[in-house]
Amino acid sequence: EPEVTQTPSHQVTQMGQEVILRCVPISNHLYFYWYRQILGQKVEFLVSFYNNEISEKSEIFDDQFSVERPDGSNFTLKIRSTKLEDSAMYFCASTLRRGTEAFFGQGTRLTVV
Amino acid sequence: AQKVTQAQTEISVVEKEDVTLDCVYETRDTTYYLFWYKQPPSGELVFLIRRNSFDEQNEISGRYSWNFQKSTSSFNFTITASQVVDSAVYFCALSGDNNAGNMLTFGGGTRLMVKP
Numbered sequence: 001e002p003e004v005t006q007t008p009s010h011q012v013t014q015m016g017q018e019v020i021l022r023c024v025p026i027s028n029h030l031y032f033y034w035y036r037q038i039l040g041q042k043v044e045f046l047v048s049f050y051n052n053e054i055s056e057k058s059e060i061f062d063d064q065f066s067v068e069r070p071d072g073s074n075f076t077l078k079i080r081s082t083k084l085e086d087s088a089m090y091f092c093a094s095t096l097r098r099g100t101e102a103f104f105g106q107g108t109r110l111t112v113v
Numbered sequence: 001a002q003k004v005t006q007a008q009t010e011i012s013v014v015e016k017e018d019v020t021l022d023c024v025y026e027t028r029d030t031t032y033y034l035f036w037y038k039q040p041p042s043g044e045l046v047f048l049i050r051r052n053s054f055d056e057q058n059e060i061s062g063r064y065s066w067n068f069q070k071s072t073s074s075f076n077f078t079i080t081a082s083q084v085v086d087s088a089v090y091f092c093a094l095s096g097d098n099n100a101g102n103m104l105t106f107g108g109g110t111r112l113m114v115k116p
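Those protein sequences? They're chains A and B, same order as listed. One point on numbering: in the numbering used here, the residue at position 101 of the first sequence is 101, and numbering is uninterrupted. One point on numbering: in the numbering used here, the residue at position 71 of the second sequence is 71, and numbering is uninterrupted.
Just to be clear, a hint being listed does not mean it is correct.
Computed, partial: chain A to chain B, Cβ under 10 Å [claimed, not checked]:
hint, residue
1, P8
2, E44
3, I79
4, F91
5, A93
6, R98
7, E101
8, Q106
The following residues of chain A were derived to be distant from chain B, with all beta-carbon distances above 10 Å [what the hints assert, rightly or not]:
hint, residue
9, Q17
10, E56
11, N74
No lab work stands behind these hints, which were simulated from the structure alone. Positions of the beta carbon are idealized from the N, C-alpha and C atoms, including for glycine.
The whole structure should be built from the sequences, with the hints applied where relevant.
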């Protein structure tokens with residue numbers, strides 16, 4: 001069964017360092033997303049990506065964040081200078097088309113120390 | 001703006017009891033989609049069901065059933081004869097047809113604990 005895969009599963013980084021979270025969405029899906037979940041809280045939308053560009057982003061997704069789809073399979077989230085409050089579980093997701101269910105990766109737990 | 005409210009933050013039941021998780025939503029979109037996701041202790045988000053706004057037919061899948069009522073903007077989820085393996089956080093989510101990003105707006109989640 002096709003699935004969304006994320007690497008690494010856990011990343012620990014020092015405040016101020018850059019991190020790149022990686023995702024391989026389901027191959028025939030057209031929409032890609034990043035969400036985050038601070039421990040014990042709700043899942044929050046960060047950014048959506050369609051047709052090789054950002055289609056929407058939330059207030060959380062400031063200039064410190066960027067996304068890329070460098071080739072036909074990978075989808076990355078970069079945080080340029082991490083802050084303590086960036087510590088969270090980051091989920092990648094993809095959907096086949098508008099209105100269809102999103103399939104989520106297993107998440108990357110980012111810990112900023 | 002879209003909003004999803006799950007008023008029950010935590011529910012505790014004994015195995016074999018039925019339990020209903022409430023979800024109320026707000027949207028200005030005429031076409032929208034509603035979802036339920038399960039987040040077990042291992043942390044992943046597992047898709048359970050999707051409903052279109054134009055299809056109010058209720059659905060049953062094994063021990064799970066969903067009651068979609070447009071008149072009250074609710075999309076409630078019932079687990080019949082709950083089992084310990086049902087223990088998880090359950091999220092209701094909404095996606096509207098008019099948002100460019102096609103993203104999901106999640107409710108705050110309901111933590112369900114099923115005790116043996």
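Hints, one by one, checked against the model:
| no. | hint | result |
| --- | --- | --- |
| 1 | P8 | violated (14 Å) |
| 2 | E44 | holds (7 Å) |
| 3 | I79 | violated (19 Å) |
| 4 | F91 | holds (6 Å) |
| 5 | A93 | holds (8 Å) |
| 6 | R98 | holds (5 Å) |
| 7 | E101 | holds (5 Å) |
| 8 | Q106 | holds (5 Å) |
| 9 | Q17 | holds (24 Å) |
| 10 | E56 | violated (3 Å) |
| 11 | N74 | holds (20 Å) |
The structure does not agree with the numbered hints 1, 3, 10 stated previously, though it agrees with the rest.
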